[in-house]
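A.B. asks: Listed here are the chains, written in short residue letters.
There are 2 protein chains.
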Amino acid sequence: MPESRNRVWLNGRLLSPEDAAVPIAAHGVLYGDGLFETVRVYAGHPFRLDRHLERMLAGARVLGLDLVWGPQALATAVCDTVAGCGLREAAVRITALRGVGPPGPDIAECGEAIVFITARAYAGYAERIYREGARSVIASTLQSERSPLCHVKSVSYLNHVLARTEARQAGADEALLLNSRGELAEGSVSNVFARFGDRLVTPPPESGCLPGIARREVIELAPGLGLQVQETPLMLSEFLDADEALLTNSLMEVAPLVTVGAHAIGGGIPGKAAVDCREAYLGRVAESSAEA
Amino acid sequence: MPESRNRVWLNGRLLSPEDAAVPIAAHGVLYGDGLFETVRVYAGHPFRLDRHLERMLAGARVLGLDLVWGPQALATAVCDTVAGCGLREAAVRITALRGVGPPGPDIAECGEAIVFITARAYAGYAERIYREGARSVIASTLQSERSPLCHVKSVSYLNHVLARTEARQAGADEALLLNSRGELAEGSVSNVFARFGDRLVTPPPESGCLPGIARREVIELAPGLGLQVQETPLMLSEFLDADEALLTNSLMEVAPLVTVGAHAIGGGIPGKAAVDCREAYLGRVAESSAEA
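Chains as they are written, first to last, in the numbering used here: chain A, 29 to 320; chain B, 29 to 320.
FYI, nobody ran anything at the bench for these hints, they're computed from the structure.
There is no bait here: all hints are sound.
Short, incomplete list of chain B residues facing chain A, as computed with Cβ under 8 Å:
1) V36
2) V50
3) D61
4) R121
5) P133
6) S172
7) S184
8) H188
We put the CB at the ideal spot given by N, CA and C, even for glycine.
Throw the hints in and build the complete structure from the sequences for me.
C.D. replies: Quick look at the structure:
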């Protein structure tokens, strides 16, 4: 048996990727009406899968989308997909799209949701990010902090795609989005933290951030590292004055952020909290795998 | 030959709808990264197709998306699709999705755009809308007027899907979106006008509205009907005091709007400008078909 054979889970069946397609009449395709989650698998164990599925379910309630498969069935499907791909270190994406319906953005007559799960070999972010720190720009596009969709990881992701494109064009690793009040909201694919002395500050949901799973992990871990966590709005000017800054997401885990445009944070050198938090994070990963 | 046989145009080929699917790895599917247009076909002639394609091209520039097919090729494809379906009175949707790419919202390595065109028999909106007027609610979700995406008809449409769902749940025909300053921006599938005496006011692009094709038509037609058009921000309170209100889109053409929640506009009865504008609009349709 080959070590890595690619399989996609689609509505309950494991398929070859080339057979995994969705009908063009699915509202997920026509109107970006759907949800996704990205989960890191360490040594065969999906980390915090329960929390990812919980968030997806919360998003489904906002969208009025019946996911068809319950959390237990989806968790099994994730493991089947990872095993089907012959992977141990992986990144998994779970996507749920609103099903086929009549034209127009009315959801009432849409058929069953289309759910698919993909896995790919993933050994971690580029080491450079941890060693040198990530570089960022401020996106020209804003986060709409008063939209309920801020808190939902939806496939209507284009605003963040545009932000990310700006980062790439500037040769940066990440784009930071401000909200309409000028507060820092989040990165295009990450949450943001700033350390001031022993205070670790992160934007609250009201600033327009996604409730990140890695963000929550850091919030839980930080007190044990002598850091006092505050979910408080952060104006960009305050953020730039931080002693150090951190980015979190489920694939990046915890990484130092050292520049915003031409401005260096914490002297442009990765700080200690980033190192400590990542170490603690990986400790949690190890514990979680041992428990499983 | 049967009168109506359904055909979908997908990347240059006419297919049966059941064969029209897109790969799950297309970024259009994964990240709502794509564009669409809805065009009305009258007696076999797509109305203002040039303007729809112009808007799609403008959107493609914002997204950095190469549509692959030029306006002339797409125009031909629209006609082929309509003819392939055996239709004369139709609604056509043109969709362009960013192609297959590696996971993550980076666009650099995505393959060719996926373009598809669908047509369906369409004889017009429900007559009730013109006779009695449309009923609306104010959406709880906002329009983010400072996003460049306001002016792009993208498939990241979920904010408007949520707004529309609110309207349907309230038994209304349309949801109106306000921007972060409390100005009226647009409807979930329409643009909005308000008449005050002989002034016809519509939110400017800066209020966060899509540059609607039917909106433009009404702006061009109104002076000939003795109406002075102003693109000026409209606070909700001002809007509610209008003598009458109108909705426009390419399928609805021009329709009276008579209520916003429990509030009646213009006594809750369709106004004369709505009737005049629609008549003039249909005159343009007739001219345009005669020219073709």
